[in-house]
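Chains Z and R, in that order, are what the protein sequence lines are. First residue of the first sequence: 1, per the numbering used here; consecutive thereafter. First residue of the second sequence: 1001, per the numbering used here; consecutive thereafter.
Please keep in mind that the hints were generated in silico from the structure rather than gathered at the bench. Some clues are possibly wrong.
Claimed, not checked - Here are the computed distance ranges between Cβ atoms for each label pair: (1) R:E1199 with Z:P125: 51 to 59 Å; (2) R:P1096 with Z:G8: 47 to 55 Å; (3) Z:A62 with R:L1175: 52 to 60 Å.
Glycine included, every Cβ here is placed at the ideal spot set by N, Cα and C.
Number of protein chains: 2
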Amino acid sequence: MQAFVFDGQSAQVKTVPKPTSATEALIRVHLAGICTTDREILKGYGQFRGTLGHEFVGTVEACPDPGWEGRRVVGEINCPCRSCTPCQNGDSIHCPSRQVLGIHDKDGAMAEYCLLPVANLHEVPETLSDRQAVFAEPLAAAVAILQRIPIPPSQTVAVIGDGKLGLLVAQVLRLNGAHVLLIGRHPEKWTRMGNHAIEGMKPEEWPTGQKVDRVVECSGSPEGLRFALDLVRPRGKIIMKSTVHASYILDFSRLALHEISLEGSRCGPFEPALRLMSRGLIMVESLIDDVFALEQARDALAQAMKPGALKILLDTKNH
Amino acid sequence: MQAFVFDGQSAQVKTVPKPTSATEALIRVHLAGICTTDREILKGYGQFRGTLGHEFVGTVEACPDPGWEGRRVVGEINCPCRSCTPCQNGDSIHCPSRQVLGIHDKDGAMAEYCLLPVANLHEVPETLSDRQAVFAEPLAAAVAILQRIPIPPSQTVAVIGDGKLGLLVAQVLRLNGAHVLLIGRHPEKWTRMGNHAIEGMKPEEWPTGQKVDRVVECSGSPEGLRFALDLVRPRGKIIMKSTVHASYILDFSRLALHEISLEGSRCGPFEPALRLMSRGLIMVESLIDDVFALEQARDALAQAMKPGALKILLDTKNH
């Protein structure tokens, strides 16, 4: 089969053996999404080698549980050992010996086929298109915020960074009526959702001295975190969503002085993400910039890494 | 009266007018404590000018409410406006126009007399000596952790830094049965409490890979925060107690990846601190290195700033 493989130096579309497994589901991938984490991997993050891709939708072709065969699925990316202390405490996404699809020690979904444990699968409702379902993983990551940090409807939330993640986070956090302000430099992105445009502002437009209850840092830049510290009120919370590697220089005495919390947040639950898309509450298709064939994966990656790019998908079906 | 005054360049014992107020209590100071924050002020923190000192015990000499006269007191250091939004929301320690005793816009307690609003006063139980009561403010800051972050008894907590604050924090957090480990370089400090010695360890003795639920950063150093990030388990919390100004260079993607929380914590409640000392549950007198007369305040400060020094007190009574 064809797969988009990173060998530690560069990523190339290659012919590789079709995977087989006696214990995992074999999934025929339809669409795969390119994420900022893929760029980080190409820069050396986690020393990953293998097939890229952790955002996908596909159909189960073979499975130890035959009831799954023929079903359209998305899949959670963490494959934990299910026996260590974190796993037994329900923290399996932090299993120290986990494999992570297309990120750590497990070939990913930018290929004709991938493998995942049955426990990771979620059936996609019929009402959702492939172009929607492929957003299940990044949308779950946005939903993850609410799993850890309550955001009451009366609060004001600033979301820093109007990239893919910021646009999903802003849509999720406004669902309960909270006042959400997206801070970014690309007003044309805030209005992509048409009638559901996101209220946005450029950093320089922020009213001096105005403070908010919660700030979600989605820019992945040191400037973003410094701005977050300026915006958050005393005893407020900053949620760190980005896994972009960057060394930050900050005066951390401000955390103690203003009793601010910095909370890291990573992967989230798929079922709420699928429900939100099914009910039409989150606009995801409007975030798609382009769809490339798997053979054009290198061009697709180059496009995805351009400043201001939103979601680039790989079509892996036509092989 | 005599007072230890910082003029922006240096701190000197000077003769200054005895303060008077129609609205605040006039307190005859008995003892004042030197804190790391005083060192920060001398380095320029907050551009404070005036009499230093925010840890004290004294006797009310004159008061708008005469019922307080003659009573022995300690005092909360934040003097909020009591009318702004934070004040009305119960967050008065974050009042943006607050004065802070000996720290911001209000003369402090390293003097024969100081002034504080009646609302800030707490009577000292008879059973406590002055040498104990003067620890009310720093002990309240240790207690503040539990006001914000629950620490269940089954958890393991690492306290980084075996200075004055770390020794108080370790004593407070072990009260509920939690396993508390103090990380520092001065084993002779951990045993100052005699039978109540604190379980301690040098950083290099930490078992590789061992993780804890909570880490309290009391060292105020970038190395301390980096070590905290190494020690804390996924989904654990790091509590930042230090207001030492230092620029930290850190890779913050670890916060998101491991879903770690960094929580700032500052001033705390006095009544629990007084109760803990009254009940003999916290050993504070053993933390006293020396007591200097107010006239020797410069020598006292030099002594307090030496590496490894614990609490230095100023005796302000004999004038």
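Status of the hints after comparison with the structure:
no., hint, verdict
1, R:E1199 with Z:P125: 51 to 59 Å, "54 Å, holds"
2, R:P1096 with Z:G8: 47 to 55 Å, "52 Å, holds"
3, Z:A62 with R:L1175: 52 to 60 Å, "58 Å, holds"
Of the numbered hints stated above, none is contradicted by the structure.
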